[in-house]
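Chemist: Go ahead and model the full structure; you've got the sequences and the hints to work with.
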Amino acid sequence: MRPIKLEITGLQSFSKKQIIDFDELTSLGLFGIFGETGSGKSTILDAIILAIFDEIPRTMGRQGKNIKPCLNQDSDVLEVYLKFALGKDIFEITRVYKKKFNRKGEEKFDQMNPILILNGDIIADTVKNVETKIGEYFGIGVSDFTRSVVLPQGKFSDFLKLKGAEKMTMLENIFDLEKYGTQISEKLKLKNNILKDKISSLQNQIQGKGDISIDVINNLESDYAEKILNLDLIKKRRESLESSYEETKIIRELTQDIEKYNLNLNNLKLNEPSIKKYESDIQNHENALLFKERIEDINRLKYDLKNKNVELTKSKEIQAKLDMQNNSLKEEEQEKTYSLNKISRELAALKIDYKELDSLRIGIQLLNSLHYKENQLKDLSILLEEFECQLNKNNDSLKDLKETLLKNEKSKEQLEKIDSTQIEVKMEEIANLKSDIERSNSLNQKLKDLKTTEESIKNNFNSINLVLENLETLNRNNLAVELGKHLSDGNSCPVCGSTHHPHIATNQSDIDSNKLKTLREDKTTIERNLIAVQTQIIHIEDELKSIQNLKDIETLKNLLLEKIEEANSLKDSFNRVSAEERKLDETILTSKTSIRHIQEDNSKISENILKINDKILDVKKQIFIEQEKIDVLHLENKSLDYMERRKDILEQMDSESRNLTSIKTTIDEDLKKIKDQLFENLKEMQESSLVIGKLEENIKILTTKINSDETFLNAEIKAQGFESVDTILTFILNDTSALELKKHIETHYNEEVRFKSLMEEALSKLDGRTFSNENWEKLQDDYSKIKEDEKILNEQITTIKTNLERLKLLMKEAEELFNQINILTKEQDDIVMLQKKMEGKKFVKFLARKKLNYIVYQASKRLQQITRGRYTITVDNNCDFNIVDAFNSNFTRECSTLSGGETFIVSLVLALALSSQLQLKGKIQLEFFFLDEGFGTLDSTLLDRVIEILEEIKWKEKMKIGIISHVEDLKIRIPRRLEVSAAIPGEKGSTIKLI
Numbered sequence: 001m002r003p004i005k006l007e008i009t010g011l012q013s014f015s016k017k018q019i020i021d022f023d024e025l026t027s028l029g030l031f032g033i034f035g036e037t038g039s040g041k042s043t044i045l046d047a048i049i050l051a052i053f054d055e056i057p058r059t060m061g062r063q064g065k066n067i068k069p070c071l072n073q074d075s076d077v078l079e080v081y082l083k084f085a086l087g088k089d090i091f092e093i094t095r096v097y098k099k100k101f102n103r104k105g106e107e108k109f110d111q112m113n114p115i116l117i118l119n120g121d122i123i124a125d126t127v128k129n130v131e132t133k134i135g136e137y138f139g140i141g142v143s144d145f146t147r148s149v150v151l152p153q154g155k156f157s158d159f160l161k162l163k164g165a166e167k168m169t170m171l172e173n174i175f176d177l178e179k180y181g182t183q184i185s186e187k188l189k190l191k192n193n194i195l196k197d198k199i200s201s202l203q204n205q206i207q208g209k210g211d212i213s214i215d216v217i218n219n220l221e222s223d224y225a226e227k228i229l230n231l232d233l234i235k236k237r238r239e240s241l242e243s244s245y246e247e248t249k250i251i252r253e254l255t256q257d258i259e260k261y262n263l264n265l266n267n268l269k270l271n272e273p274s275i276k277k278y279e280s281d282i283q284n285h286e287n288a289l290l291f292k293e294r295i296e297d298i299n300r301l302k303y304d305l306k307n308k309n310v311e312l313t314k315s316k317e318i319q320a321k322l323d324m325q326n327n328s329l330k331e332e333e334q335e336k337t338y339s340l341n342k343i344s345r346e347l348a349a350l351k352i353d354y355k356e357l358d359s360l361r362i363g364i365q366l367l368n369s370l371h372y373k374e375n376q377l378k379d380l381s382i383l384l385e386e387f388e389c390q391l392n393k394n395n396d397s398l399k400d401l402k403e404t405l406l407k408n409e410k411s412k413e414q415l416e417k418i419d420s421t422q423i424e425v426k427m428e429e430i431a432n433l434k435s436d437i438e439r440s441n442s443l444n445q446k447l448k449d450l451k452t453t454e455e456s457i458k459n460n461f462n463s464i465n466l467v468l469e470n471l472e473t474l475n476r477n478n479l480a481v482e483l484g485k486h487l488s489d490g491n492s493c494p495v496c497g498s499t500h501h502p503h504i505a506t507n508q509s510d511i512d513s514n515k516l517k518t519l520r521e522d523k524t525t526i527e528r529n530l531i532a533v534q535t536q537i538i539h540i541e542d543e544l545k546s547i548q549n550l551k552d553i554e555t556l557k558n559l560l561l562e563k564i565e566e567a568n569s570l571k572d573s574f575n576r577v578s579a580e581e582r583k584l585d586e587t588i589l590t591s592k593t594s595i596r597h598i599q600e601d602n603s604k605i606s607e608n609i610l611k612i613n614d615k616i617l618d619v620k621k622q623i624f625i626e627q628e629k630i631d632v633l634h635l636e637n638k639s640l641d642y643m644e645r646r647k648d649i650l651e652q653m654d655s656e657s658r659n660l661t662s663i664k665t666t667i668d669e670d671l672k673k674i675k676d677q678l679f680e681n682l683k684e685m686q687e688s689s690l691v692i693g694k695l696e697e698n699i700k701i702l703t704t705k706i707n708s709d710e711t712f713l714n715a716e717i718k719a720q721g722f723e724s725v726d727t728i729l730t731f732i733l734n735d736t737s738a739l740e741l742k743k744h745i746e747t748h749y750n751e752e753v754r755f756k757s758l759m760e761e762a763l764s765k766l767d768g769r770t771f772s773n774e775n776w777e778k779l780q781d782d783y784s785k786i787k788e789d790e791k792i793l794n795e796q797i798t799t800i801k802t803n804l805e806r807l808k809l810l811m812k813e814a815e816e817l818f819n820q821i822n823i824l825t826k827e828q829d830d831i832v833m834l835q836k837k838m839e840g841k842k843f844v845k846f847l848a849r850k851k852l853n854y855i856v857y858q859a860s861k862r863l864q865q866i867t868r869g870r871y872t873i874t875v876d877n878n879c880d881f882n883i884v885d886a887f888n889s890n891f892t893r894e895c896s897t898l899s900g901g902e903t904f905i906v907s908l909v910l911a912l913a914l915s916s917q918l919q920l921k922g923k924i925q926l927e928f929f930f931l932d933e934g935f936g937t938l939d940s941t942l943l944d945r946v947i948e949i950l951e952e953i954k955w956k957e958k959m960k961i962g963i964i965s966h967v968e969d970l971k972i973r974i975p976r977r978l979e980v981s982a983a984i985p986g987e988k989g990s991t992i993k994l995i
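Each residue of the sequence shown is one higher than the one before, starting from 1 at the first, in the numbering used here.
If you are wondering where the hints come from, they were derived from the structure by calculation, not from laboratory data.
A quick note: this is a predicted structure, and the numbers were derived from the prediction, not measured.
Hints should not be assumed to be uniformly reliable.
To be verified - Restricting the straight-line Cα-Cα distance to at most 27 angstroms, the calculated cross-link-like pairs of lysine-lysine (DSSO-like) are:
#	residue 1	residue 2
1	K756	K276
2	K249	K236
3	K842	K187
4	K765	K249
5	K277	K292
6	K808	K209
7	K277	K808
8	K260	K249
9	K545	K434
10	K163	K845
11	K399	K410
12	K342	K675
13	K841	K191
14	K330	K683
15	K673	K321
16	K621	K638
17	K5	K993
18	K988	K100
19	K778	K236
20	K393	K378
21	K108	K128
22	K196	K841
23	K621	K604
24	K446	K434
25	K128	K100
26	K5	K98
27	K316	K675
28	K672	K321
29	K196	K812
30	K785	K236
31	K826	K836
32	K314	K694
33	K99	K988
34	K306	K785
35	K83	K5
Stated by the list, open to error - Label-pair distances were calculated between CB atoms; the ranges are:
#	residue 1	residue 2	range
36	R893	A579	49 to 55 angstroms
37	K108	E586	28 to 34 angstroms
38	E543	E968	29 to 35 angstroms
39	D614	D358	32 to 38 angstroms
40	N262	K801	49 to 55 angstroms
Backbone N, C-alpha and C fix where the C-beta goes; we use that ideal spot for every residue, glycine too.
Modeler: Below you can see the structure in the form of C-alpha cells.
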C-alpha cells in the first residue's frame, strides 16, 4: 500500500481543504511531519485511517457513531479524499459527513455515500459495498492496520504488549494464514465427502450391472452355437422354395396385366362419342377465329367514337362556362375602376407637412428628457444634503469613541501585573512533590510485593532443595554401589585411596535420572530468579533512601499543601486580573472596531459626495445641451401640450394617407389580375373552338368507316355458314379450354395404341403358360412360414449375441470400477490422515509461530545494531516477548521492565520487522510505514542510530517511512518534511507546507 494524494477538509483542526502530495513528500524515502503540539500532525494519520476504514479509533469510535468530536466547529462538512496504490492498481476513495439541524434545532451528522474508484472506474458507492471491497483488497482490519502499517498515538507499542494468543491471532489475520487452517480443513472435508460419494457411486454402478458371472456367459455361448446350426438348415430349405415361388409370381403378374389391359381398352371404346364431339368443337373454334380480329377492330372503332362524343360534349360545356365568367369579370372591372378614381381624388385632397411632423416629434422627445433631468437634479441635491448631514454625525461619534478608547487603554496599563511563570513554577513544584509522594508509595508497595515474592521463592527453593539433597544422597550411594562392585582387597579405592574396604555399599536405590536433572535445572532457575528479586529489592530500598534522605513523607505532604495554597492564591489573583484585562480588551477591541467602521463609512460617504457633485455638473451640462437643440428646431409654440396635439393631427392625416395609398395599390393589383384573367379566358375559348371543330370532323369519319366495315363483315359471315356475329362469338373458346380439348383427344388415341402394344408384349412373355390360384396360395404359405422361422431364429441369435457382448462389456467395466474404487480408497486414507494432522488449527499455529520467530530474528538484528550488541529479543513458549541483556550475563527480563526509551526502540524494530514481512491480502507488498510517537524519549546518540536504521531500510527495502514528531533535533536529520501550522481561533484552521 502506497499513498499518492490526501485531501482533508473540516477534520479536527483543519477547517479549510489541505492537500498532501505523497509522491513528492516521499520522493526521498524518509520524511517527517513536524509542528507544535496540537497543531494537527496526528490528524493526517487520522484522515488516512478514516478514508480507508471509515473510523478514527482514538477519537470517534466505530462507524461514525460519534463523528462530532472529529468535525471542525467552523465547518459544516467533513471530507477526506485518499488516492493510493496497491501494487499496480490505483484506488481513490472519498468520504463525506455533513452537519445538519433537525426541526427541533438539534445538531446531527449525516454520512453521504462514499465512493471507491479502481483504475478510474467506480466499483462501490455505498457504505456496505465500500467496506466489503476494502476487506477484499486489504485483508486486514483497522486494529491490525494501526499495529503494523500506520502507528498512531497510543498504538505504537501494541504489538509489543499483546499477549501470546492475541499476538498469534493478529499474525494469522495480517499474513492471511487462515487459508492454511479452516480453509484447508474445509477443503479436506469437502474432498473426503467427494471421495465417499464417488466410491458409493462406483459401488452402486457395479450393483446396477446385475449378475455378470462366468457361468451365465458360458451358457449363452453354448445356446448361440446351437442356434447358428439350426439357421443353416432353414436357409437351405428356403433357397429350394425360392425359385418356384419367383417363377409362379411372374406368371401371376403377367396374367393380371393382360386382364388390366383388356379392361382399359373397353373403357376407351366407351369414350369415343365424347372424343368425336371434342373434334367438332375444335373445328368450329378454328373457323370462328378467322373473323375474331375484324370484329375486335370494329368494336375498337365504336369505342373511339363514343369517347369522341363525350369529349365534344365536355368541350362545349367548358366554352359556355368561360363565356359566363368573362361577363362577370367585366362587371367587376368597372366597379374597381370607379373605386380607384374616387381614392385618387381623396389622396389629392390630403396635403401633409412631413418636415413639421419630424420637428414636433424631436421637440417632444427633447422636452421630456429636459423635464426628467431637471427632476434628477433636484433628487441629487437632496441626497447630497443627506450625506453631508450623516458625515457630521459620524465625526461627532468618532470623537466620543476615541476619548473612550484612550480612557480604557489607560485603565489597562494601571492593572496589577502578575507573572504567569510564578504559577508555572509553583505548579511544577507541586507536581514534583506529588511525584515524590506517589513514587515513594509505589516503591513501598513494590518492595512489599517483591519481599512476598522473595519469601515464596525461598520456600519453593527449600522444598526443592530438600528433595534434591535426598535424591543426590541416593545417587551418591548408587555410585558407591557401582564402585564397590569393582573393588577388592588390595586394590586402591579411587575415592579415598585405601586398599582395605570393610564397608562396601551394597543397597542400590531406583532413581529417575530425568527427575533428578529437572530438579537441578529448577533449582538453578529458582536461584537465578531469587537473585533477580533480591537485586530489585536492593535497588528499590536505595531509591527509597534517596527520597527519605530529602524529607520524610509527612513533611512532604505538609509542604505540598502549602504549595497548593500558594498556587491557588496566585491563580485567583491571576484569574481576577485576567478577567478584568479580557473585559477591557473586549471593550478596546469593540471601540477600535467601531472607529474603523465609522472611518470606513466616512470614507464611503466622502466618495459618494464627490460622485454626486460630479453627477450634478454632468446633468446641468446635459440640460444646457438639450435647450440648445430645442432652440435649433424654431418651433412656433414650445408648449408640450400644443406640440403633442399638433403632432397627433399630422400623424392622423399621415395614417389616412397611408391607408388610402394601400387601398389604391390593392385595387391596381386586382384590376391587373382581372385583365390577365380575361385575356387567359379568351385565349382558352379560341383553343376550345378549334378542338370542337376537329372533334366533329373525326366523329363523322369514324361513323362512315364503322357502317362500311359492318356491311362487308356480315356478307362474309353468311358466306361461311354462320348466322350472325353473335353466333361466331359463341363458337370461340378461350385458349385454355381449346388446349384441354386437344389434349383429351390426343391422350385418348395415344392410350389406345399403348394398351394394344402392352397386351401383345405380355402374351408373348406368357408363352402359353397358365396360372393356378390353389398352387400359388400353397406355395405362398410354405415360403412365408420358412421365412418367418428364419426371421425368428435370426432375432434369437441377435438377442443372444447382444446379451453376450453386453455381459462381456459389463464385466470389463466392473473390473475398471473395482480398480477405480481401490485408487479412491487409497486417496481417501491419505485425506483422513491429513485431517487428523490439521485438527485444532495446529498447522496455522505452526506457521504463525514460524512467522513470529522470523520477525523476532529480524527485529533482534536491528536492535543489536541500535544498542551496539547489548539487547536481543526472544519469544517464550507462550509467544510473549522477552529481552536478553548481553551486558548482564545474558539475563532475560520481561518487556514490561523496559524504560520509555527502551520500549520505543524495541517497539520500533518489531514494527519495522512486521511491516517488512506484511503483504496485503498475502500478495501485495507493503511500501509504506508511518509512526507517530516515541522519539522524544531518545537521547541524541540513540536518535542518530534509529535514523541510520530507517535510512538503511529506506534504501534496502524500498520502503517509504514517515515520522510524526515535535522533536526539533529530528528536523535537521530529515531533509524532506511537512510543516503543520497550528490553527488560530477565529481566524484560520491548521495549514500545511511542504519543505
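Chemist: All the hints need checking, so say for each whether the structure fits it.
Modeler: Cross-check of the supplied hints:
Between K756 and K276 the alpha-carbon distance is near 21 angstroms, which keeps this suggested pair within the 27 angstroms criterion. Straight-line distance between C-alpha atoms of K249 and K236 comes to about 20 angstroms, which keeps the hinted pair within the 27 angstroms bound. Proposed proximity of K842 and K187 is supported: the alpha carbons are some 16 angstroms apart, at most 27 angstroms. A C-alpha spacing of about 13 angstroms is found between K765 and K249, which places the hinted pair at or below 27 angstroms, so the restraint holds.
Distance hint between K277 and K292 is fulfilled; the C-alpha atoms sit about 23 angstroms from each other, no more than 27 angstroms. Pair hint K808 plus K209 holds up; C-alpha atoms about 11 angstroms apart against a cutoff of 27 angstroms. A distance of roughly 81 angstroms separates the Cα atoms of K277 and K808; the hinted pair therefore is violated under the 27 angstroms criterion. For a cut-off of 27 angstroms, the pair hint linking K260 to K249 stands: about 17 angstroms separates their Cα positions.
Proposed proximity of K545 and K434 is supported: the alpha carbons are some 17 angstroms apart, at most 27 angstroms. Between K163 and K845 the CA atoms are separated by roughly 15 angstroms; this keeps the pair inside 27 angstroms, and the hint holds. At roughly 17 angstroms between alpha-carbon atoms, K399 and K410 fall within 27 angstroms of each other, so this suggested pair holds. The hinted pair formed by K342 and K675 meets the criterion: a straight-line CA distance of about 20 angstroms does not exceed 27 angstroms.
For the given pair, K841 sits about 18 angstroms from K191 by alpha-carbon distance, which is consistent with the 27 angstroms threshold. Proximity of K330 to K683 is assessed by CA-CA distance (about 16 angstroms); at most 27 angstroms being required, the pair is judged to hold. With a C-alpha separation of about 19 angstroms, the suggested pair K673 and K321 falls inside the 27 angstroms cut-off, and the hint holds. For the given pair, K621 sits about 21 angstroms from K638 by alpha-carbon distance, which is consistent with the 27 angstroms threshold.
Under the criterion of a C-alpha separation no larger than 27 angstroms, the hint pairing K5 with K993 is consistent with the structure, at around 14 angstroms. The hinted pair formed by K988 and K100 meets the criterion: a straight-line CA distance of about 22 angstroms does not exceed 27 angstroms. At roughly 19 angstroms between alpha-carbon atoms, K778 and K236 fall within 27 angstroms of each other, so this suggested pair holds. At most 27 angstroms may separate the alpha-carbon atoms for a hinted pair to count; K393 and K378 meet this at roughly 24 angstroms.
For the proposed pair K108 and K128, the alpha carbon gap of about 21 angstroms is at most 27 angstroms, so the pair holds. Between K196 and K841 the CA atoms are separated by roughly 24 angstroms; this keeps the pair inside 27 angstroms, and the hint holds. A C-alpha spacing of about 26 angstroms is found between K621 and K604, which places the hinted pair at or below 27 angstroms, so the restraint holds. For the hint pairing K446 with K434, the CA-to-CA distance comes to about 18 angstroms; that is within 27 angstroms, so the pair holds.
Restraint check for K128 and K100: the C-alpha separation of about 23 angstroms stays at or below 27 angstroms, so the hint holds. Our distance criterion of 27 angstroms between C-alpha atoms is met by K5 and K98, whose separation comes to about 22 angstroms. In summary, the hint linking K316 to K675 is supported, as the alpha carbons are separated by about 24 angstroms, within the 27 angstroms threshold. Note on K672 and K321: the hinted pairing holds, with a Cα-Cα distance of about 22 angstroms set against a maximum of 27 angstroms.
With a CA separation close to 23 angstroms, the supplied pair K196 and K812 stays within the 27 angstroms bound. Pair hint K785 plus K236 holds up; C-alpha atoms about 14 angstroms apart against a cutoff of 27 angstroms. Restraint check for K826 and K836: satisfied, since their Cα atoms lie roughly 16 angstroms apart, inside the 27 angstroms limit. Proximity of K314 to K694 is assessed by CA-CA distance (about 14 angstroms); at most 27 angstroms being required, the pair is judged to hold.
A C-alpha spacing of about 19 angstroms is found between K99 and K988, which places the hinted pair at or below 27 angstroms, so the restraint holds. For the given pair, K306 sits about 88 angstroms from K785 by alpha-carbon distance, which is inconsistent with the 27 angstroms threshold. With a CA separation close to 5 angstroms, the supplied pair K83 and K5 stays within the 27 angstroms bound. Range check, R893 to A579: about 54 angstroms between beta-carbon atoms, so the 49 to 55 angstroms window is met.
Range check, K108 to E586: Cβ separation about 33 angstroms, and the 28 to 34 angstroms hint holds. One distance hint, 29 to 35 angstroms for the beta-carbon pair E543 and E968, holds here, with the actual separation near 32 angstroms. A C-beta distance of roughly 35 angstroms is found between D614 and D358, which places it inside the suggested range of 32 to 38 angstroms. A beta carbon spacing of about 53 angstroms between N262 and K801 agrees with the range 49 to 55 angstroms that was offered as a hint.
Of the hints listed earlier, those the structure fails to meet are numbers 7, 34, in rising order.
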